[in-house]
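Engineer: Listed below are the residues making up each chain.
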Amino acid sequence: MLEVDPTITKNKLPVFTRSFRVAAWLGWQIESNWTDPFLFAIYSIIKPLAGAFILVVMYSVITNGNFASPIFSYIYLGNAFYIYVGAIMTGISWAVIDDREHYKTLKYMYVAPINIPIYLIGRGVARFLVASITVVITLVVGFLFLHVNINLAAVNYPLFLVALLIGVVMLAMMGLSLAGISLVIVNNVWFIGDAVAGALFLFSGAIFPLEVLPVWLRPIGYIMPVTYWLELLRRSLVGHIAEAFPTLQGLSNLQLIGILLGLTILFGIISYFVFRYCQHVAQEKGLIDRVTNY
Amino acid sequence: MNNNPSSTTQLPPTKDGSIPAGTVRLQKNRGWRLFIQTVIARSYPRVVGQMRDVSWMFFDTLLPLLAVCTYVFVYRAIKAPEDYIGFVVVGGAMIAFWMNVLWGMSSQLYWEKEQGNLALYIMTPASMMAILLGMAVGGLFSTSLRALLIIVLGSLFFGVQYSVASFAQLFAVFILAMVALYGLGMMTSSLYLLLSREAWHISNLLQEPVYLFSGFYFPIKNLGFWISAVASIIPLTMGLDAMRQLVFKSGPTLGFISVPIEIIVLSVLSVVFLVGARLMLSYMEKLAIREGRLTENRR
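Listed in order, the protein sequences are those of chains G and A. Per this note's numbering, the first sequence starts with residue 1, numbered consecutively. Per this note's numbering, the second sequence starts with residue 1001, numbered consecutively.
Hint data in this document are derived by calculation from the structure and do not stem from the laboratory. Some clues are possibly wrong.
[As the list claims (entries may be wrong)] Where chain A lies over chain G, by a calculated footprint (3+ residues, C-beta under 8 Å): (1) 47-57; (2) 115-129; (3) 253-267.
[As the list claims (entries may be wrong)] Now the stretches of chain A that chain G is said to cover, found in silico as 3 or more residues with beta-carbon under 8 Å: (4) 1065-1072; (5) 1217-1224; (6) 1277-1290.
Note that the coordinates shown come from a computational prediction; the quantities given were computed from them, not determined experimentally. Think of the CB as a built atom: it goes at the ideal place given N, C-alpha and C, for glycine as much as any other residue.
Kindly generate the complete structure, drawing on both the sequences and the hints.
Structural biologist: Have a look at this one:
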């Protein structure tokens, strides 16, 4: 006769914590154990650095290498921190695709004693960690070799940490809504993270001031939390440069934090309900264990 | 041995010697007929599939267009000359071909292995070279539609002005670049026969670095002679450089080397990659069979 392991029933670890911790570990294994650590490190760094250097060369070609201009720091820093957007949002939504289509384990996740939204957010942790290392390396390269004007003594560290923290939560919430949508669509599910990341890249003023966009497109940027997040990060690192651009010049740091926080809460609530609705539809239609082979 | 490229197989008679009622004589092709039949069969789903599911118009056209728009606005922000906007539009369209070669050619045999089709391909009398060629033909057709849409929409959005110096050379450059590029895709696909989980990561890795070194968003000349020369191993580098020289007024002044030389290099690359694909495929198929990699599924 089977005996129940008493440690299981006596385990008081909250479901949320357990789901998050195990998902983060699983995510890390999936992300990294396909090769040796050295190759993994190279792989993780080369791709975003190449993306940054596309912009560096574009800028250099036109300005004859005038990297001291404020617009270069604006572009470079925006692009560096945007690495987080793709990594976190796509990381969380990819967990659905990976588990359902590739490993075919999503159905087992649903019968396991875990909290699915927390599990999915946990799966994004690995990409967040890798993205953090990449962002740091990109910043260091910019600081050392490309004259990105970061004065370490003048950096507003509290503002930086607060903005980064709120931003990561905001991106995780957006990733959760994408994960929900991934549960109910078949074709092109692979591209949904890239689609949203690409749209945000264009409309959030990540690598050019919003004034460059046509007037009728700018409002899209103003309702995106990423716009305010990137502005806060720039202000915290290179305040004098960031404030030179007119986009959000009229807003103080506190106002920007308030807007970012408000939009994060709003997007968080929307994401929660989007995920719940999509999950309900997926369960009703029997889509949880569907393999499309698309 | 029957050397007829088309032969008919008759089903065996029943015990009393009569041919079973309702049986159909199977027409079996061999040689070049089978080769062409295989090419058509493998390209068919790529051509017809996209007509049945038009969502690609959003995902495969709009997404690259978003990237194109972003880089165009970067150039606008730093007040670049207008021709650079055109460079980005043309480069953005050519990215569609690189993505197709990367994910639809090189990685394809890996996907087929994952889904269990690869062993079926190898069991059939069809040539693997014909299967790869079919994938290339189908992919080239469908990607050309995507690239054309990106160029048309991008040009309309940003008012790109073209000034074609020679349509004949432009046509030659495009065809040669595509032959060489898809030849490269066919060659690398055989390497993917040996790969497992790392296949996805390798394809993923070959995106941004290639965008950088092939000059998708800026004239490759700016990377310096030696980097540009090494990057020219990827046919799109010279193909794109030659196309820009031929369709933009300022193109020739920003070109890497002259168009006739680029045509010669592309011709050489076409031959090298197609022959290389034939040899590599033969070798890798044997190696994969010997090492038992054709049906493995290491997730």
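Engineer: For each hint, tell me whether it holds in the structure or not.
Structural biologist: Hints, verified against the model:
1. 47-57: holds (count 8)
2. 115-129: That given contact is violated, which follows from only 0 residues of the segment 115-129 of chain G lying within Cβ reach (below 8 Å) of chain A.
3. 253-267: Answer violated; 0 residues pass the 8 Å Cβ test.
4. 1065-1072: holds (count 5)
5. 1217-1224: Coverage by chain G holds for the segment 1217-1224 of chain A (5 residues, Cβ < 8 Å).
6. 1277-1290: violated (count 0)
The structure is inconsistent with the numbered hints 2, 3 and 6, although it conforms to all the rest.
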